[in-house]
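Chemist: Listed here are the chains, written in short residue letters.
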Amino acid sequence: MKSLTEHLWFEVPGRRGFLNISDTVEALVRKSGIREGLFLVNAMHITSSVFINDNEGGLLQDFEVWLEKIAPEKPYSQYHHNGAEDNADAHLKRTIMGREVVVAITNGKLDFGPWEQIFYGEFDGNRRKRVLVKIIGE
Amino acid sequence: MKSLTEHLWFEVPGRRGFLNISDTVEALVRKSGIREGLFLVNAMHITSSVFINDNEGGLLQDFEVWLEKIAPEKPYSQYHHNGAEDNADAHLKRTIMGREVVVAITNGKLDFGPWEQIFYGEFDGNRRKRVLVKIIGE
Amino acid sequence: MKSLTEHLWFEVPGRRGFLNISDTVEALVRKSGIREGLFLVNAMHITSSVFINDNEGGLLQDFEVWLEKIAPEKPYSQYHHNGAEDNADAHLKRTIMGREVVVAITNGKLDFGPWEQIFYGEFDGNRRKRVLVKIIGE
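Residue numbers (the working numbering), protein chains in the order written: chain A, 34 to 171; chain B, 34 to 171; chain C, 34 to 171.
So that you can see chain A by itself, here it is in the shape it has in the complex (with noise of 0.2 Å):
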């Protein structure tokens, strides 16, 4: 068995954002020599989200629109959370959206239907975070 492990550092500037980060991950699926095998990316903060989705900026609107009405960010008075911290709507909006993909690694690549690409989604940002990918296979 073989295994890569790398963590990639994002910073989005905002509170909340997404980008994709398909051709970045891809990459380590060819520096890794693995070829059959399982890849997982995920986030390793709590605020934070990886998913697949469409790369269709139209739909990462939606998401934006529609996490603000599932999770308000305003009134902070609302959560329990919040007061020495103004973030809890981005550990819900974090929760819908996941905090990481399994993907299948197939003949040495990603095992991804015609529309899938890997997203990092920010939702309290302004910082640098990170990403963790780790491979294993043969």
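Careful, some of the hints might be misleading.
Copies of one chain are not kept apart here, so a pair can be met inside one copy or by any two copies together.
Subject to a maximum C-alpha distance of 27 Å in a straight line, what follows is the list of computed DSSO-like cross-link-like pairs (lysine-lysine) [to be verified]:
no., residue 1, residue 2
1, Lys64, Lys142
2, Lys35, Lys142
3, Lys64, Lys35
4, Lys162, Lys64
5, Lys102, Lys162
6, Lys162, Lys107
Calculated from the structure, these hints are not laboratory results.
Because the structure is a prediction, the values reported are computed rather than measured.
Let chain A serve as the given structure and place chains B and C on it in line with the hints.
Modeler: Using the frame of chain A, we list chains B and C on its own:
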């Protein structure tokens, strides 16, 4: 390490529906010959889901009603993604239900609790779509 | 390839509650002797969750309030699943919070960010329920 990769095709008539795929995927565990390992099942499309829940018809109706409340299909004009497309709600519904499940294989079987069943959830149907199964282990 | 399989039992008094199970699962990584690999933790019941978030009491209260807003317990009659059962809301809440987490093991430890903690989320308690831990790697 052994591995097995299979792509399953499904066509759900109508826009939305749920298929219990438990028997189909359990058969793939036997085919793989893997006794101890991990089993990934994921939708390869970004408007469908793979999830684990109860095989009870009333509950599946509840999911349909609930998802329509959280991420309504209409009016189509409420979503930036729509225009050429009309399936923004399907991207949001799939986000709630999840892209993938990872299941343990123990003694050559899916290591499931008593009521766990695997479903394919379709939110933009009337077309052939794929599910990926990847098993790794020994 | 090495593997470890453990079934953990929990009984949460009351209908809903959250348990921090981080120390319990970390001990299993040491027990496994695995240095590089993947760690799956999943609820074996379809009315409970395993998820990763912050170990902060106010936030856990926020999750309780938020889940009751998105998928209210009562009136029981609003759900098709209820009748013989009264726990349809628990199936929906668990869907939001997630069935499972997959965590990287690096250098013999859970490869966690600074605030990541693993929780068991109970949405239909007052009974003994199981969580599965499966570790594979080398």
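Chemist: Next step is simple, just say for each hint if it's right about the structure.
Modeler: For each hint, the structure was consulted:
Taking identical chains as interchangeable, the C-alpha atoms of Lys64 and Lys142 lie at most 27 Å apart whether they share a chain (11 Å) or sit on different chains (23 Å). For the homomeric pair Lys35 and Lys142, the shortest alpha-carbon distances inside one copy (15 Å) and between copies (17 Å) are both at most 27 Å. Proximity of Lys64 and Lys35 under a CA criterion of 27 Å is satisfied in both settings, with 12 Å inside one chain copy and 21 Å between copies. Taking the closest pair of Cα atoms, Lys162 and Lys64 come within 27 Å of each other only inside a single copy of the chain (23 Å); across copies the shortest separation is 31 Å, beyond that limit.
In this assembly of identical chains, the alpha carbons of Lys102 and Lys162 lie at most 27 Å apart only when taken from the same copy (25 Å versus 30 Å across copies). Taking the closest pair of Cα atoms, Lys162 and Lys107 come within 27 Å of each other only inside a single copy of the chain (23 Å); across copies the shortest separation is 37 Å, beyond that limit.
Hint violations for this structure: none, all hints satisfied.
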